[in-house]
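Given the sequences, and given the hints that come with them, work out the whole structure.
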Amino acid sequence: MRRSVPRVRWQKFGTGQLSSVRSVVSAPGRNLEFSAQRNETASILAQVGVPLLEGAQTAQQHAIGLLQIAAEVEQALMVQYLYAATSAVSAPDAPEDYQKKLIRIAVEEMGHLATVQNLLLLVGGPDALHLQRDEIRKNSDENPIPFILQPITRVTLAEYVAAEMPATVPPVRKALVDELMALAGSATHMKLHRVGAIYAVLEWMFLPKKEARAWIDLPSLVSLPKNPHITSADLRPLEEVQQYEAQAEEWQVFRPDIILATPHDANEAVQAIRRIAAQGEGFDDSGQSHFQQFLGVVDALDQQKLSSIALAVSPSLGTGNGGERGEPISHPYTRLWGEVFSQQYGALVLCIYHALRIPRQDDASAMRRGSVAALAVEGMKTIIRSLCPLFADLPLRSNDMALAGPPFDLDPSLLQLAPEEELTERHLTTLEKLSILYKSIEKAPEFNSFPQHKNTLDNLRTFDEQARELFSVPTV
Amino acid sequence: MSTAYRIFPSIGVARLGADGDFFVGPEMPGGGPTEATSDESIVPVTRFKDNTRTKIRKQGARFHLFESNDGRTWQPANVPPENITWAVTLVNKKSAVDRPAEPPIAPMRPNVSPANANQVIAGGTNSIAGRDASSPTFRGTYKTKASDGSPFQVDVELGQLRTDSKGRLIVLGGKGFSSAPAGSPLGVPPNTYYRNPNWHDDVADGPVTAEVKLNSTDPPIKAENGAWVIVAPPDYAPEINGVVTLYDVLLQLGIDSFGFPKPGRPSFDLDVAPILSRVRRLRWVHQNASWSDVRLESPNLRSRAEGDKALREQVMNLVLSVEKILQGHTDPSGPPYRFRKFQRDFLDSWAQGDFDDTPSPPASAISAEGLTRAALEGAVGQGFCPGIEAGIILLDKTLYSAPFNFRINHVNVAAGDLTALMAQPWQADFLKCNIEWWPTQRPDIAPQLSGAKLNWVRGAGQHKLLVQRSGQLGFIVKQEANEVFVEAERDPAMPSFP
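Chains as they are written, first to last, in numbering that gives the first Met the number 0: chain A, 0 to 475; chain B, 0 to 497.
Hints are computed from structural coordinates only; laboratory data are not their basis.
The C-beta atom is built at its ideal place from N, Cα and C for all residues, glycine as well.
One or more hints might be untrue.
[Stated by the list, open to error] The calculated label-pair distances, taken between Cβ atoms and stated as ranges, are: (1) B:P361 / A:T318: 53 to 59 angstroms; (2) A:E468 / B:Q152: 46 to 52 angstroms; (3) A:Q287 / B:P361: 37 to 43 angstroms; (4) A:P91 / B:D20: 48 to 54 angstroms; (5) A:S434 / B:P361: 39 to 45 angstroms; (6) A:Q360 / B:S297: 50 to 56 angstroms; (7) B:P491 / A:E239: 33 to 39 angstroms; (8) A:E239 / B:E296: 50 to 56 angstroms; (9) A:E468 / B:V410: 53 to 59 angstroms; (10) A:T318 / B:F496: 35 to 41 angstroms; (11) A:Q287 / B:P491: 43 to 49 angstroms; (12) A:D457 / B:N481: 20 to 26 angstroms; (13) B:K261 / A:D392: 34 to 40 angstroms; (14) B:L453 / A:G184: 52 to 58 angstroms.
[To be verified] Taking lysine-lysine and the DSSO-like style, the derived pairs with C-alpha atoms no more than 30 angstroms apart in a straight line are: (15) B:K212 / B:K174; (16) B:K477 / B:K174; (17) A:K438 / B:K323; (18) B:K340 / A:K380; (19) B:K144 / B:K174; (20) B:K452 / A:K453; (21) A:K442 / B:K308; (22) B:K261 / B:K144; (23) A:K380 / B:K323; (24) B:K174 / A:K453; (25) B:K308 / B:K323; (26) B:K452 / A:K380; (27) A:K453 / B:K477; (28) B:K323 / A:K304; (29) A:K442 / B:K452; (30) B:K463 / B:K144; (31) A:K380 / B:K477; (32) B:K261 / B:K396; (33) B:K452 / A:K438; (34) B:K396 / A:K304; (35) B:K340 / A:K304; (36) B:K174 / B:K54; (37) B:K221 / B:K165; (38) B:K323 / A:K432; (39) A:K442 / B:K323; (40) A:K453 / B:K308.
Next up, the structure:
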């Protein structure tokens with residue numbers, strides 16, 4: 000039976016109550032910059048509200064709810080950045096490849112997503128793992144990141160800068176950032192700082208009580224459980240965590256900028272959250288944060304080192320599971336490829352979820368888990384990346400030249416909690432659907448107009464065959 | 000003009016192997032490694048490992064002495080082997096150099112801080128002369144400290160010199176030995192595929208010199224500007240070359256920076272067909288349907304007819320798609336995977352029908368220039384992240400002697416410099432860099448006789464396992480005269496997972 004979709008609410012408190020906020024200037028080891036950042040965080044929480052899980056009775060329940068919405072945010076951001084990357088064209092004399100830069104940021108979001116899954120595992124066990132993208136975000140009173148697929152423009156970059164903005168902006172960039180915030184603010188769907196608020200509250204909950212209260216006396220500001228901090232009693236047994244956690248080697252994480260933390264206690268959870276926040280969506284900022292990188296992309300656009308293919312906004316299959324505020328793909332040939340893309344994307348997310356759900360109990364299960372993870376990594380590297388550019392040549396509609404874009408519709412039923420046998424069946428069902436779609440594409444009158452599409456289909460079939468072989472083996 | 004001597008190839012490539020037996024690297028363009036015959040016969044290698052299938056045979060880099068009386072034409076030196084003294088220095092400084100977290104995106108000279116000097120594995124210099132001779136082993140000591148501060152020290156063999164019955168020098172490399180203090184992490188954060196502190200391996204590089212003593216009274220004559228040897232990791236698909244090779248990279252550098260003559264109108268057989276062949280052969284090591292596209296096999300590709308122009312253009316675009324499918328560097332500011340300009344010019348001219356279609360058989364005899372070309376065509380020239388045999392440092396024009404003839408300047412370059420900033424250890428890179436990187440040296444797939452394509456690295460799919468089991472992996476080799484390659488000599492005792 001499908002569980003009810005959780006809902007996050009942002010509880011407001013008045014700025015007059017900020018006198019309850021105490022800085023940690025006097026605490027040993029703290030520096031003024033950190034303290035100022037903490038004060039800034041508190042001010043932002045006052046503006047946007049404190050995100051909390053509706054109906055949660057314990058710190059553990061709040062943490063699980065917030066981590067699950069954080070997981071959805073990370074996936075939504077990753078996909079939006081991949082879409083933006085699909086539209087990016089670097090000038091021949093550009094100092095870097097901006098498409099690769101945006102893909103790199105998307106891969107870093109993937110690392111955040113994996114780390115959030117490990118945090119969910121720590122507090123909620125394997126049943127808490129969450130690879131949905133649209134459920135809690137849409138169900139919550141303030142969707143922290145609307146899922147809108149957009150080609151690169153100054154406005155979309157402004158939105159990404161806003162989404163990744165730290166609490167304190169470097170002075171040298173303030174003028175540009177202010178301009179971009181004004182631009183982003185005029186796009187009605189952006190809600191600044193809501194994502195950072197999620198990570199701030201999570202950090203607060205995992206901190207020891209004394210340290211957390213020294214930062215912000217949240218219980219005096221909003222309604223929280225009697226014991227609002229995560230304690231060791233709330234954490235899952237280490238043996239279980241280690242059986243299920245996503246590990247760097249398994250997921251072929253080989254770059255130092257990709258964060259895939261494996262926290263085993265509350266302190267390590269705090270460190271993991273801070274690393275995510277510093278790189279991406281929190282109020283901290285590292286030198287190579289997404290915020291800084293997106294500012295670099297804005298510079299490139301302004302200096303004409305980067306241009307954009309005019310892909311559609313939120314092209315979808317009209318299922319309600321795709322990009323918001325866009326247009327369904329109606330050109331029949333493009334639609335076939337759009338369905339292929341969405342099925343492959345769904346299969347990829349299912350693959351990730353499936354791998355994470357297999358414990359490393361013995362050699363056989365470790366082997367199976369590793370094989371499913373390897374398939375997911377190969378899918379990310381080869382299938383998704385090779386399919387995205389296809390849509391830069393395909394029309395959205397039948398009667399004009401407007402381009403489509405990869406649709407990223409994601410069927411939530413693929414990712415509902417289920418025993419492994421059922422997850423395997425979902426793979427095989429998806430493979431059957433894909434097989435039928437490929438045949439339809441080959442029969443379409445437009446097929447021969449695109450010489451590369453035959454090779455693309457051959458590659459897809461080869462990849463699918465690997466998947467079919469893997470998932471046709473009985474589960475352990 | 001008095002007789003001058005030069006060593007060819009100007010840069011030779013040896014490869015690691017635990018077996019004491021060896022073959023030699025390619026000596027004719029378009030050819031693969033050959034058995035070290037003492038006559039001029041070319042015997043292709045059919046066995047790359049020992050009988051246990053756990054030890055890889057070393058690839059020796061064979062150096063020939065050539066002579067010239069006019070400075071332009073070079074023929075094998077007519078000097079008794081006893082009158083030629085070869086000398087080689089081998090050093091591995093990978094662990095000692097200041098190393099960024101990811102490979103450099105521009106040529107960077109390695110720097111060894113004094114505090115790290117102990118981590119240099121100095122194999123020393125060996126000399127050798129005469130026929131069928133052997134030198135002492137190049138041995139160095141690797142010293143470091145474990146994470147608890149306790150000292151760690153291990154002896155490392157970097158190779159040996161041999162001469163064949165004609166007195167030609169053969170440089171053999173190490174055994175493929177990588178190690179570190181117990182518990183040193185490998186390939187997992189905060190370490191990477193490229194940087195793993197405290198790990199060493201046994202690749203190496205260094206200068207090769209030759210002196211000719213014609214008689215007892217005259218001073219010895221040095222071979223002009225010497226040569227260089229790189230001892231690289233094994234090439235597990237030795238007859239499948241990179242689409243862009245180190246020869247291509249160095250030739251373009253010579254054209255751009257030294258006025259080296261630019262190739263003229265391309266010959267289909269000698270200039271275009273090799274590129275097409277290398278793209279076609281990718282199908283045996285890399286999973287992409289493009290390489291099996293039937294248009295790549297069309298006999299009309301050598302036709303200059305206007306009616307075949309559309310086919311040539313389609314195939315050119317297919318070939319150029321390598322630039323999108325394989326990667327140049329992980330860093331967006333890093334050099335993307337690119338054909339060299341002269342290669343693009345060849346392809347453009349060919350597509351337009353402006354090429355020489357005169358049948359031109361491949362080289363059937365060893366030549367000076369052919370030795371250098373063959374050696375460097377066996378090494379990958381893209382992507383430099385960091386690469387396999389040698390990396391982006393090779394784009395530094397100050398490495399080379401002038402006038403340019405692919406020769407490293409012994410004054411400007413120290414032993415160990417060319418391999419210093421390659422992956423530490425090489426196995427860390429080999430594991431992680433699948434799909435988009437160097438399938439011609441580190442295959443993605445292992446085609447079977449049944450037609451199935453398995454994961455080549457199966458059974459060694461974790462960092463420390465690959466260090467242990469790199470000798471057990473299979474080689475992708477040609478089946479007799481057919482253009483069919485399959486996995487061979489994989490250790491049957493090796494598990495199929497991870």
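Results for each hint:
no., hint, result
1, B:P361 / A:T318: 53 to 59 angstroms, "57 angstroms, holds"
2, A:E468 / B:Q152: 46 to 52 angstroms, "47 angstroms, holds"
3, A:Q287 / B:P361: 37 to 43 angstroms, "49 angstroms, violated"
4, A:P91 / B:D20: 48 to 54 angstroms, "50 angstroms, holds"
5, A:S434 / B:P361: 39 to 45 angstroms, "44 angstroms, holds"
6, A:Q360 / B:S297: 50 to 56 angstroms, "53 angstroms, holds"
7, B:P491 / A:E239: 33 to 39 angstroms, "37 angstroms, holds"
8, A:E239 / B:E296: 50 to 56 angstroms, "55 angstroms, holds"
9, A:E468 / B:V410: 53 to 59 angstroms, "57 angstroms, holds"
10, A:T318 / B:F496: 35 to 41 angstroms, "38 angstroms, holds"
11, A:Q287 / B:P491: 43 to 49 angstroms, "47 angstroms, holds"
12, A:D457 / B:N481: 20 to 26 angstroms, "22 angstroms, holds"
13, B:K261 / A:D392: 34 to 40 angstroms, "35 angstroms, holds"
14, B:L453 / A:G184: 52 to 58 angstroms, "54 angstroms, holds"
15, B:K212 / B:K174, "34 angstroms, violated"
16, B:K477 / B:K174, "25 angstroms, holds"
17, A:K438 / B:K323, "26 angstroms, holds"
18, B:K340 / A:K380, "28 angstroms, holds"
19, B:K144 / B:K174, "23 angstroms, holds"
20, B:K452 / A:K453, "20 angstroms, holds"
21, A:K442 / B:K308, "28 angstroms, holds"
22, B:K261 / B:K144, "51 angstroms, violated"
23, A:K380 / B:K323, "12 angstroms, holds"
24, B:K174 / A:K453, "45 angstroms, violated"
25, B:K308 / B:K323, "23 angstroms, holds"
26, B:K452 / A:K380, "18 angstroms, holds"
27, A:K453 / B:K477, "28 angstroms, holds"
28, B:K323 / A:K304, "20 angstroms, holds"
29, A:K442 / B:K452, "28 angstroms, holds"
30, B:K463 / B:K144, "19 angstroms, holds"
31, A:K380 / B:K477, "28 angstroms, holds"
32, B:K261 / B:K396, "17 angstroms, holds"
33, B:K452 / A:K438, "24 angstroms, holds"
34, B:K396 / A:K304, "28 angstroms, holds"
35, B:K340 / A:K304, "22 angstroms, holds"
36, B:K174 / B:K54, "9 angstroms, holds"
37, B:K221 / B:K165, "19 angstroms, holds"
38, B:K323 / A:K432, "29 angstroms, holds"
39, A:K442 / B:K323, "28 angstroms, holds"
40, A:K453 / B:K308, "21 angstroms, holds"
Checked against the numbered hints listed earlier, the structure breaks hints 3, 15, 22 and 24; every other hint is satisfied.
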